[in-house]
Amino acid sequence: MDSKGRVFRRLLQTESYLFTGGIYSPLDAQIAERAGMKSIYLSGYSVAMMNGVPDMGLLTMTEVAKTASMVASAVEVPIIADADDGYGNALSTMRTVRELVKTGVAGIHLEDQRFPKRCGHIAGKTIVSREEALGKYKAALDERNRLDPDFVVIARTDAYGAVGGSMDEAIWRGRAYADAGVDSVWCELSNSDRGPAIEFAQAMRKTHPTLPLSFNYSSSFRWHRDPDPLTFRELGELGYKFIFITLFGAHAAMYSVWNHMHELVKNEEQAQWALEQLKAGHPTESHHVMARVSLFQELERKYIPGTEERLKASDGFAEAHH
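As numbered in our numbering, the sequence shown has no gaps in its residue numbers, which increase by one up to the final residue, 407.
Mixed in with the good hints there might be a few duds.
As the list claims (entries may be wrong) - Dumping the calculated DSS-like pairs for lysine-lysine here, alpha-carbon to alpha-carbon at most 30 Å:
#: 1; residue 1: LYS397; residue 2: LYS387
#: 2; residue 1: LYS223; residue 2: LYS151
#: 3; residue 1: LYS351; residue 2: LYS364
#: 4; residue 1: LYS291; residue 2: LYS223
#: 5; residue 1: LYS151; residue 2: LYS187
Note that these hints are calculated values from the structure, not bench results.
Kindly generate the complete structure, drawing on both the sequences and the hints.
The structure is reproduced here in structure tokens:
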């Protein structure tokens with residue numbers, strides 16, 4: 086069976102562009118897979134929020150790796166995980182690669198921010214020197230090559246919007262990281278303006294015409310307010326082959342939970358009745374179905390003596406698939 090990294094690489098080659106929405110848990114990863122997503126993005130900001138903190142370098146590598154492992158074991162499609170800045174220097178980054186390879190994700194992205202890093206759209210970010218960044222990427226790639234050559238390493242530069250940064254610096258770094266051997270380059274942009282996205286892509290195409298670029302279709306931007314927003318198709322034509330809406334799953338969940346919790350406060354038990362009516366016939370109607378209880382009951386039948394008798398002699402969900 087092909088490794089997840091190899092599957093992801095094949096998708097980059099065969100799809101005009103590969104797009105997905107960010108998730109933060111095994112459940113929303115499974116929902117994304119069932120919805121038809123061909124790949125999944127494990128969002129660092131979303132995982133941070135799941136733990137009750139902002140994306141400002143507060144999570145540890147082991148916390149992120151644990152989440153990545155749980156998500157990777159819950160789905161079959163390849164996952165790209167946010168590995169922040171590698172959680173330290175070049176040696177820390179090597180360990181990060183080592184631990185994330187173990188999780189079963191297809192690959193990671195690493196950024197050139199200075200520790201403690203922060204979301205690329207929170208003011209105050211700074212970047213490490215060119216030399217330090219290149220050292221970290223080379224260390225990451227050496228460790229990747231030693232453990233799993235198919236494991237994908239995406240380099241993200243925050244040079245465009247950082248303190249003292251510029252597009253020229255972002256382009257220099259993008260080219261240098263590509264020369265170091267990363268599989269894709271991502272320039273973190275500051276807003277939905279198409280100009281910088283086009284400028285970076287055209288500059289990279291001049292020197293690295295076959296390198297697939299990655300693009301953060303950021304939830305921090307207000308794309309619907311842009312009079313001429315970039316489309317996925319346009320981005321794909323520019324060379325952005327991996328496109329992800331970083332916090333798509335989190336925003337969808339926050340909106341729904343917020344609304345329904347307010348309904349519960351206001352209407353008490355009637356909020357539950359209304360939610361049941363709203364979900365009637367929907368794929369998410371049954372939490373037992375979403376949790377794949379039937380699959381695990383089948384495993385119980387196969388391996389645990391007396392299961393069928395216990396299921397028949399007790400109340401509860403027991404939808405058999407024979």
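Against the structure, the hints come out as follows:
Annotation: proposed proximity of LYS397 to LYS387 holds, straight-line Cα distance about 15 Å (limit 30 Å). Proximity of LYS223 to LYS151 is assessed by CA-CA distance (about 25 Å); at most 30 Å being required, the pair is judged to hold. A hinted pair counts as satisfied when its Cα atoms are at most 30 Å apart, and LYS351 with LYS364 qualifies at roughly 20 Å. Using a Cα cut-off of 30 Å, the hinted pair LYS291 and LYS223 holds, with the two alpha carbons roughly 23 Å apart.
Simply put, LYS151 and LYS187 have alpha-carbon atoms about 10 Å apart, close enough for the 30 Å limit, and the pair holds.
The structure is consistent with each of the numbered hints, conforming to all of them.
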